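**Q** Chains as they are written, first to last, in this note's numbering: chain A, 159 to 570; chain B, 119 to 354; chain C, 7 to 266.
Just so you know, these hints were derived from the structure itself, not from any lab. From a predicted model like this one, the values you see are computed outputs, not experimental measurements. Possibly wrong hints are sitting among the right ones.
[To be verified] If the Cβ cut is set under 7 Å, some of the chain A residues that face chain C in the computed set are: (1) GLY409; (2) PRO530; (3) THR532; (4) VAL550; (5) SER551.
[To be verified] Okay, the calculated bits of chain B under chain C, using three or more residues with CB under 8 Å as the criterion: (6) 140–147; (7) 281–294; (8) 313–327; (9) 342–349.
Ideal placement from N, C-alpha and C gives every residue a C-beta, glycine not left out.
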Amino acid sequence: MVRVSSILACLLFLFFGEAIAETVTICPSCPIKSIKEGISTAQAYDTVLVKKGTYYEHDIVVDKPLTLKGENYPIIDGQKKGEIIKITSDHVTIDGLFVINVGVSYTTDFAAIRVIKSEHFTIQNVVLEKLFFGIYLEKSSHGKVYHNKIIGDAKDEYNSGNGIQLWYSHYVEVSHNHVQGTRDGIYLEFSDNITITKNTSTKNLRYGLHFMFSDNDVYTENVFEGNGAGVAVMFSRNIDMFNNTFKKNWGPSAYGLLLKEINDAKIRNNTFTENTVAISIEGSNRITYKDNDFIKNGWAIRVIGACYTNSFTGNNFMHNSFDVSYNSKLNDNEFRSNYWSNYSGYDLDKDGIGDVPYRPVKLFSYIANRTPETIILLRSLFMDIIDFSEKVSPVFTPDNLKDAQPLMKKRL
Amino acid sequence: MIHITALHKKFGKNEVLKGIDLTIAPGKIYAILGPNGSGKTTLIKSILGMVIPDKGSIEVLGHPIKKGWKYRKQIDYLPQIANFPGNLKVRELIAMIKDLRNDDNEATDLIQLFRLESHLDKKLSALSGGTKQKVNLVLAFMFDSLLLILDEPNTGLDPNALIQLKDLIKSEKAKGKTLLITSHVMQFVEEVADEVIYLLEGSIYFNGTLEELMAATQQTNVEHAIAELTKTELNG
Amino acid sequence: MGKVLKYSFYDLVRSRWSYIYLSFYLALGFVLLFLNNDLSKGVITLMNIIIVLVPLIGTIFGTMYYYNSKEFTELLLAQPIKRSHIFLGQYFGVAGSLSMSLVLGLGIPFMMYGLLRSNAVFDFTLLLVVGIFLTLIFTALAFNIAINNDNKIKGFGYAVLLWLFMAVIYDGIFLLSLILFEEYPLDTFSMVATALNPIDLSRTLILLKLDISALLGYTGAVFKRFFGTQFGFWMSMLVLLLWTILPLLRLRYTADRKDF
């Protein structure tokens with residue numbers, strides 16, 4: 159009986175709890191003209207509806223569970239005075255706002271929207287412009303950052319911030335966002351179990367997506383185009399990278415994907431097109447690279463330092479200047495059953511697998527790795543000649559670095 | 119006309135001209151004779167500026183020729199070997215030389231004289247040695263220069279053409295021109311030359327008129343006179 | 007000099023080799039553009055060919071022309087023409103007709119594929135300028151070799167050797183010294199070594215203008231900081247110009263003193 163009544167009480171609460179939630183409307187001509195006032199007036203679980211208009215406010219603190227919803231994208235102009243919206247309560251939803259003019263400081267990381275030690279938040283359909291940091295999640299977990307548009311105009315790394323930053327935040331879903339012109343599009347530090355899906359991160363100064371000390375994260379179906387570097391994964395474990403596109407991250411020190419000191423990652427079905435270096439790998443072990451496409455990159459795979467037990471299978475390497483570059487003779491990485499457009503072998507038994515192994519490391523890339531200045535001889539006749547002679551009889555390049563079963567046709 | 123003093127020329131260790139002093143007077147025909155390697159061609163080429171002398175000076179028409187080139191306007195030269203750019207037609211070659219010399223003289227008479235009309239539109243590489251030599255002669259005689267230098271003009275010519283050549287030489291002389299001719303055919307020399315210069319091992323061994331040569335060697339024809347000269351040299 | 011140049015040029019323009027050279031470039035241009043229709047990719051491929059082939063053709067053609075026109079030269083020497091004009095005229099005749107083949111042979115296909123409307127027009131122009139310089143330089147070097155060697159076979163041998171040295175061996179020595187002295191700062195050395203060889207200089211100039219320069223990484227950035235500036239560009243042009251003028255001065259000097 160007690161149990162039944164408590165269930166009933168719960169249902170009642172849910173029913174009335176929804177029913178009693180009210181809407182506080184804010185507009186330039188309404189009785190409540192400022193968002194701050196609206197928030198202080200509102201009760202927990204109310205909706206604060208911000209009508210179209212421009213609101214010159216900063217340091218708006220959302221300290222109770224609220225839905226702060228904009229209608230027709232009202233503009234909240236922080237006038238470069240500091241942080242604009244701060245969330246310090248659980249169960250807060252921010253929806254449909256146009257937030258501009260975040261203060262820039264060299265000492266404080268001002269953000270357009272900051273979530274502090276809160277859970278179950280949702281930030282969606284927000285447009286951020288003229289920002290320093292965009293959405294900053296600080297020790298906040300179990301939330302959602304969905305369908306936001308963050309347009310920065312960062313010029314220098316030292317006075318710009320990140321589009322979406324997660325710091326000690328776990329179990330957050332970041333999806334369908336568009337981030338451009340910031341320092342790092344999306345930055346994760348000490349943040350585990352994050353899902354990053356279908357975002358577009360372009361023209362950011364540094365990285366499109368950046369992991370530091372973050373484990374068990376997944377990012378899929380994102381597009382990283384024209385960033386200083388596409389994605390950097392550093393000092394992290396168990397990151398899954400599936401179906402992403404790394405495009406045109408082109409420049410003297412640019413790359414599509416940087417792996418530094420990471421272990422046990424899976425990299426599958428990604429497409430790397432026209433990057434200076436598609437994947438740059440430093441001290442990373444037990445990583446599987448499977449079914450990726452490397453098309454028209456300067457270097458497809460560039461390995462620096464010791465990397466053990468990595469496997470490259472089923473990838474398409476097409477029209478890259480260098481397929482693999484390697485700076486030591488040591489190697490226990492596996493290359494098997496990849497398609498190499500530079501492969502010139504034959505397939506007498508017609509089983510679709512080349513009869514002679516393919517050696518993906520050119521002598522020139524080996525030399526250029528040892529003595530970087532020699533790269534200036536790129537595309538000289540001399541280099542073509544010695545590359546050819548090395549291909550015919552390898553002397554310098556690692557003897558066991560080869561794909562013994564190169565595919566004759568590319569994987570579709 | 120030409121005044122040469124103390125002309126020396128070495129090719130490597132080979133001393134080809136050992137101090138030549140020579141004066142060529144205007145209006146006469148000079149035959150330069152001498153065995154192979156005696157320096158005939160080198161002497162001619164020095165006058166033309168094709169060979170640069172080591173020592174000594176050459177004056178043509180009163181001006182030293184060193185580093186000059188305009189004086190060559192006053193010289194017509196018939197080279198020993200008729201080498202021409204092979205892919206030019208005869209007509210084009212003649213037009214080109216006219217253009218290069220800035221001279222508009224017509225070659226029609228000479229072309230008729232040597233019966234070259236039918237060859238005018240042939241490429242020079244397609245011509246026989248004799249025909250080439252005729253073209254060579256046309257080019258040498260077509261301009262009205264004061265000085266004519268002919269290096270072995272009678273090589274490869276048929277008797278008919280040879281007669282024409284002699285006539286040409288005589289008519290040029292009649293016009294008051296000066297001619298320098300080298301030849302191996304002594305009979306030819308005898309017929310045309312006024313003066314004989316005999317070179318031997320880079321020095322002038324004899325320089326005088328045809329008559330003086332005969333007198334000095336007590337011979338009646340040039341061939342024997344030259345042979346006699348050589349003999350004297352060998353004995354002396 | 008003008009008249010000699012005119013006749014040399016006229017002579018060459020009618021020769022079979024000019025047509026072969028011209029049609030080679032025409033074919034190359036059309037095939038390249040037909041295959042990928044991308045003008046800037048075409049420029050990269052062309053660069054590879056130009057920096058190897060143009061010097062080779064210039065060297066071979068220059069020596070060949072010198073020896074083949076021996077008769078013409080002798081004919082001219084007896085004419086009232088300044089000596090240096092005979093040789094410079096012939097030189098510019100050869101270099102001019104080779105350059106013309108290059109410019110027409112590549113220009114026509116690229117024009118037809120809409121060069122003027124594309125942003126590759128500057129890269130392409132630079133490519134042609136460099137190609138012309140390489141022609142001028144290597145023809146001048148070839149004339150120098152030929153005028154100093156009356157023996158045809160020897161002359162050809164030296165000419166091919168020169169090409170081989172500039173196109174291949176030089177880079178080999180360059181590479182070895184980079185590896186041997188890898189502990190030392192090499193930026194200045196590699197820049198100087200690049201500037202000293204016209205083939206390397208041309209290659210670098212074009213590479214730095216193209217997207218592919220990103221592959222050069224840090225070294226490329228250092229190079230770009232010099233060659234990418236106005237100053238660096240004009241310095242490179244000056245070096246190429248010196249490479250053209252110095253052999254020509256030597257040619258004139260030798261020609262004035264040579265016996266024929």
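**Q** Confirm or reject each hint.
**A** Now the hints, each set against the structure:
Because the beta carbon of A/GLY409 sits about 5 Å from the nearest beta carbon in chain C, less than 7 Å, this interface hint is met. Interface hint at A/PRO530: satisfied, since its Cβ lies 6 Å from the closest Cβ of chain C, which is below the 7 Å cut-off. Annotation: interface hint on A/THR532 holds; nearest CB of chain C at approximately 5 Å, less than 7 Å. Because the beta carbon of A/VAL550 sits about 17 Å from the nearest beta carbon in chain C, more than 7 Å, this interface hint is broken.
Taken as an interface hint, A/SER551 does not check out: its beta carbon lies about 18 Å from the nearest beta carbon of chain C, beyond 7 Å. Chain C is given as covering the region 140–147 of chain B, and this is violated because 0 residues of the stretch bring a CB closer than 8 Å to a CB of that chain, at least three being needed. Three residues within the 8 Å Cβ limit are the bar, and the region 281–294 of chain B against chain C gives 0, so the coverage statement is violated. For the region 313–327 of chain B, the stated coverage by chain C is not satisfied: 0 residues place a CB nearer than 8 Å to a CB of that chain, which falls below the threshold of 3.
Look at the region 342–349 of chain B against chain C: 0 of its residues bring a Cβ nearer than 8 Å to a Cβ of that chain, fewer than three, so the hint is violated.
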